[in-house]
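Chains as they are written, first to last, in UniProt numbering: chain A, 1 to 370; chain B, 1 to 370; chain C, 1 to 370; chain D, 1 to 370.
Hints in this document: simulated from the structure, not taken from any laboratory. Just so you know, not all the hints are guaranteed correct.
Copies of the same chain look alike in the list, so a pair counts if it works inside one copy or between any two.
To be verified - Below 25 angstroms or equal to it, Euclidean Cα-Cα: the simulated DMTMM-like pairs (lysine to aspartate or glutamate) are: (1) 91 / 244; (2) 365 / 80; (3) 25 / 145; (4) 170 / 296; (5) 291 / 266.
4 protein chains.
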Amino acid sequence: MKKHYDVAIIGGGIIGMSIAYHVAKAGKQTLLLEANEIGKQTTSAAAGMLGAHAEGEGHEDIFFQVGRASQALYEKLKVDLQHESGIDIRKSVGGIMKVAFTEEEKRALCRMQHLSTFQWLEASCVKKRMPQIANDIMGAGLIEEDVHVEPYAVCRALWQAAVRYGADVKEFTPVIEVIRDKEAITVRTANGTFTCDDLTIASGVWSGRFFEELGLSYSLYPVKGECVSVWNSGPALAHTIYHDHCYIVQRDSGKLVIGATMKQNDWQAVPTLGGIEAVIQKASQLMPSIKEMQIDQCWAGLRPATSDRHPYIGRHPEDERILFATGHYRNGILLAPITGEIIRDLILGKPVQEEWLHAFRIGRKEALFI
Amino acid sequence: MKKHYDVAIIGGGIIGMSIAYHVAKAGKQTLLLEANEIGKQTTSAAAGMLGAHAEGEGHEDIFFQVGRASQALYEKLKVDLQHESGIDIRKSVGGIMKVAFTEEEKRALCRMQHLSTFQWLEASCVKKRMPQIANDIMGAGLIEEDVHVEPYAVCRALWQAAVRYGADVKEFTPVIEVIRDKEAITVRTANGTFTCDDLTIASGVWSGRFFEELGLSYSLYPVKGECVSVWNSGPALAHTIYHDHCYIVQRDSGKLVIGATMKQNDWQAVPTLGGIEAVIQKASQLMPSIKEMQIDQCWAGLRPATSDRHPYIGRHPEDERILFATGHYRNGILLAPITGEIIRDLILGKPVQEEWLHAFRIGRKEALFI
Amino acid sequence: MKKHYDVAIIGGGIIGMSIAYHVAKAGKQTLLLEANEIGKQTTSAAAGMLGAHAEGEGHEDIFFQVGRASQALYEKLKVDLQHESGIDIRKSVGGIMKVAFTEEEKRALCRMQHLSTFQWLEASCVKKRMPQIANDIMGAGLIEEDVHVEPYAVCRALWQAAVRYGADVKEFTPVIEVIRDKEAITVRTANGTFTCDDLTIASGVWSGRFFEELGLSYSLYPVKGECVSVWNSGPALAHTIYHDHCYIVQRDSGKLVIGATMKQNDWQAVPTLGGIEAVIQKASQLMPSIKEMQIDQCWAGLRPATSDRHPYIGRHPEDERILFATGHYRNGILLAPITGEIIRDLILGKPVQEEWLHAFRIGRKEALFI
Amino acid sequence: MKKHYDVAIIGGGIIGMSIAYHVAKAGKQTLLLEANEIGKQTTSAAAGMLGAHAEGEGHEDIFFQVGRASQALYEKLKVDLQHESGIDIRKSVGGIMKVAFTEEEKRALCRMQHLSTFQWLEASCVKKRMPQIANDIMGAGLIEEDVHVEPYAVCRALWQAAVRYGADVKEFTPVIEVIRDKEAITVRTANGTFTCDDLTIASGVWSGRFFEELGLSYSLYPVKGECVSVWNSGPALAHTIYHDHCYIVQRDSGKLVIGATMKQNDWQAVPTLGGIEAVIQKASQLMPSIKEMQIDQCWAGLRPATSDRHPYIGRHPEDERILFATGHYRNGILLAPITGEIIRDLILGKPVQEEWLHAFRIGRKEALFI
């Protein structure tokens, strides 16, 4: 009566859908449950930068390794998804230009100088490549491999492909209760009751609910980001412009995506007048001519944050049938492919890098928000 | 540390918000929790007919009594809300014209003929009042008191007014868990934990979750309705046209709202191509010239249905601190005022009509969906 | 073959539509030609303030007289249009609060003090009526009669009513050529050729074309205004807030409309990033809490300006079969009723105030833009 | 004072913009004037099929030759525009499947069988490639070279690239008057007066105005098309489905575009309820599962038609400084590249195929609409 699945996933953003795709492709009977519409919340709000360098800080740390590994996976994923779904994920070229306005910012950037993927450019050189950029920059670090994709397109492509591999995807299906018996895990929803062998929680910042049941309160909190897009009436940007958590991304539709504010603990996933003003001011500082461009739309999303800025990827410490894949903060788009592979490998019993699992383990104290 | 409220309400549609408004106005410290945005789901999808006669069947039954009582409350509510919120709920005049195409349909309608509010009109007379109507009608029953309002405007006005009376309204705040201790009820959300003396469940079709905890499965199911609106390029409709669950409603903006399909157990709250086709066909049958009008938009909503078509309004059978107000099916807009008053009176310990409470009691077998 | 009309009007904004309404209601065979969609350009972009005082400067001048006369006409128009079209034009109450931040601004405002419609309020008194207002105001002039309407609703209602009185309204019908023969005026469009006895030009800033044919170049230029709306999450504004061409208007839907920039000679009728930033900054200065509110949408419109800020209303100096009604600058919504009546009376041969015709006459030198 | 250009173009749809692009790239000082927004009318309404075979009838005629030549140009154009503008025109693969339901339809299609680009497939074979297709088809003709592009993306890319080559593009600039003196052509607009050596009229169905000045009335009329798009919840369509002027086109965003009605002489460029109903019925006949898909949006556009279904491309018969490029009917997207090249070559004095110029010459009697 109750349908049984090998794997059930709660959450239909890019993380949950990447897991559904990878697991279904590996031959598992897969179910994905989404409370609202697939990919319409944090995923759709993201700019889609694959910022392995841009977001990392240590550049020798685990995060950088994992980010680079996931970035590399996008190359094949793009081709596979085009074939499997007919959807183009719009992977760009050109990478990111991390701007410095001061000596201090330059020094901070140049800590990446030992990396072969990083190249410091003086202001005149930056201006030559991007005449639109502000005159008062000191220079910029160019990272050509930190390209971008269109997040909703990736999520939709993963969805179509997962369905093709047999996955059942249920939108508008909030989970009422998860019951863990010896034989199976039962997931009760308004729209039916299901059982599964493995259950993965991938509900972004709304995953907190499942941590609570573990006695792991304060594991996640939202950092709201507000964005605006414009129609680029000048030449296309050769590179994403980035400074101090603000970015201007060129879409291949001709639009520029500008983001984003950083509002801790704000659950109100809509753009405010003040937030949009702040984004415009910042963008105008980076690229003055942007003020003349036609506004397209405004939106907001909630990044799922942990205190150490690392995601949770791994098994429940007390019940290994439960897995978590959340807390990706500003890096959900970047890390979606590797997260899908890690969860798949855990479920299949294949080896996964121990140090990654350690860094992203559930229940680590440094991640808690107090 | 945890903030305490006299009353907490889960669900920010028109029902939950009417309760918040009435309870806060009565001086209670009130909290309303909404998982997404206030009034953006079933409430926004409704046409807003106050169809006490249109929807009733027996016309001597409890439902008709309650519907008429709630309809009457709208008169004062309109004035109060304009004053308290600055929002006009757009209460129309003209009422509803229930069309008959056959003798059988005429007979069915004329069962209302003993009511002073009902008036049978022959086809020629209907055509005189509404030249747009189809030529092949046999006649229609006019019910002038079954007017309409704009549901989102009502909900927004209740919201602004409730806040003015001190209510706390939290959007984007899904409930994780409800814990019932002796001293208090604790409501855990990602966005904070709260305690309250009384808790009301008013989450429409998504209330099922809380019935489940009572062992009351199958209490509610969705009946999806798909709608379309057009710009009326002809004279305004003097009355709502209604036939066989389909209606054409004139807004005072100049738009016509047309609805709605009836899809049982469909949780997908978006309009499909086939659903919109069906709505267009039905509307064209009632009013042929509508085919020439400019389409405005399409949408869908989920009516929360019970098997006996009556709502659940009342106390939890085993824990009287918990109240329910859901299952309003096609009548949520109509019944919002009376539902707010009943729940308020129950909480305040004031008398409520016993037979109403009996008809709408939680756990009645005839409501279950099997 | 060519259809003949008593009166043809070119331009389907609120001015042209008011003329069509008044002329058709007076029994004339009327044709209105609109190149795009009715009421979707400058009319839709306007906030709809009936600012007879707010916009006037001399307050003893012709403009003030005409503005007050037109404002008064709205009372009856609202009732008539509700009846004739079923559309509510959403006429507000409360009027306008003209804020002063400095002694100088106060002095400028208090030049209106001799008017019975003007009332100076000290800051504390303003704050009592509008707690949302900025703390650093010095006071404000309250003009209760300068209320507002919803411009598109007015235009749509005039349209529906004009059609009811027999007018032919053709959207998507740009005029190719106007030929003036002795017997008749011929208007050639892609969508048919028509003749008429009287032709009125009411195409807003795009009317320039017809002035050119008169050798009257530089008669009109655009002043672009950019606007943004938000959802008011606080109490409704009791009065429109106004300062230095910026306003915050409360709609009875619960939205606030904020405007507007003043960009001379900018024909690009879309909102820019920089324009929206300027509007947000100004609004935040007047009402700091507005920064927390959810953004709804952004738009822009082109005000048709003359150098003396007065409209052109009257006959062609050399061919009295041609009439003009344009150049209403910031006052098109306010002046639509009186403009409709003046043009109607000119066509019917009824008397019109001589000094008004003189002030608004075609070809006056002080209106030219050089 | 008046700025002079080598070439001015009136009309900023895909045809005018292709001309601007080609002419500016050839080194000419170029001006493009658009009355509203670039590419937002007929261009945006088109599905973008490059249907050289699909639309041709004779398949040996001039139209087929020109269509095939233009189709071939898209290959290089795609690469050039990506480089010049950063915009991807979204050229698809897969081509078109022309469905036959009857023997007669099969025979009609198989008249193309001598073409190496055409391949007849029996029903079973079609179903294997496209399981979504209706069961009652008899078979289909596959034309792999009739792929599609995204029309607005092409137009936007041409725009950005033209600007890069020095073209001036002015939106919101309707032309008031064209004056032809011996020395130069003067174009008067509200937004400035310009002179040019060559003037090209490329205003789609609104070009009629300029034919009128030539005494060439009835040269063009609109054929309105209404469309709807849905989100494809099944596998991507491998090929466009086409039957009887109706098509279902797969976008690489995951959407399906469905069109289109054929309403002669309807200038009302908005979708009606009846038009959308007709499109849904037709699409459901071709692909039954489409009825279950989520509706995305509805729109309409006006195809500029001539009686012989061929465009006007060439010089004014009496004044060779005036050129025309309009009347592309259902084939504007297909023919944009070749039209741009022909006009460029005429202006540069380079040779153009004589028979093409003959077929598309201005003033030919067979094109007139009577």
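Using 25 angstroms as the alpha carbon limit, work out where residue 170 and residue 296 are close: within a copy, between copies, both or neither. between (31 angstroms within a copy, 19 angstroms between copies)
Same-copy or cross-copy closeness of residue 365 to residue 80 [CA-CA at most 25 angstroms]: Neither, since 38 angstroms and 52 angstroms both go past 25 angstroms.
Using 25 angstroms as the alpha carbon limit, work out where residue 25 and residue 145 are close: within a copy, between copies, both or neither. For residue 25 and residue 145, the Cα distance exceeds 25 angstroms both inside one copy (27 angstroms) and across copies (32 angstroms).
Which holds for residue 291 with residue 266 at a C-alpha limit of 25 angstroms: within a copy, between copies, both or neither? Classified as between: cross-chain Cα gap 14 angstroms, same-chain 28 angstroms, threshold 25 angstroms.
Could you figure out if residue 91 and residue 244 sit no more than 25 angstroms apart (CA to CA) within one copy, between two copies, both or neither? within (24 angstroms within a copy, 37 angstroms between copies)
The structure fails to meet hints 2, 3 from the earlier list, while all remaining hints are met.
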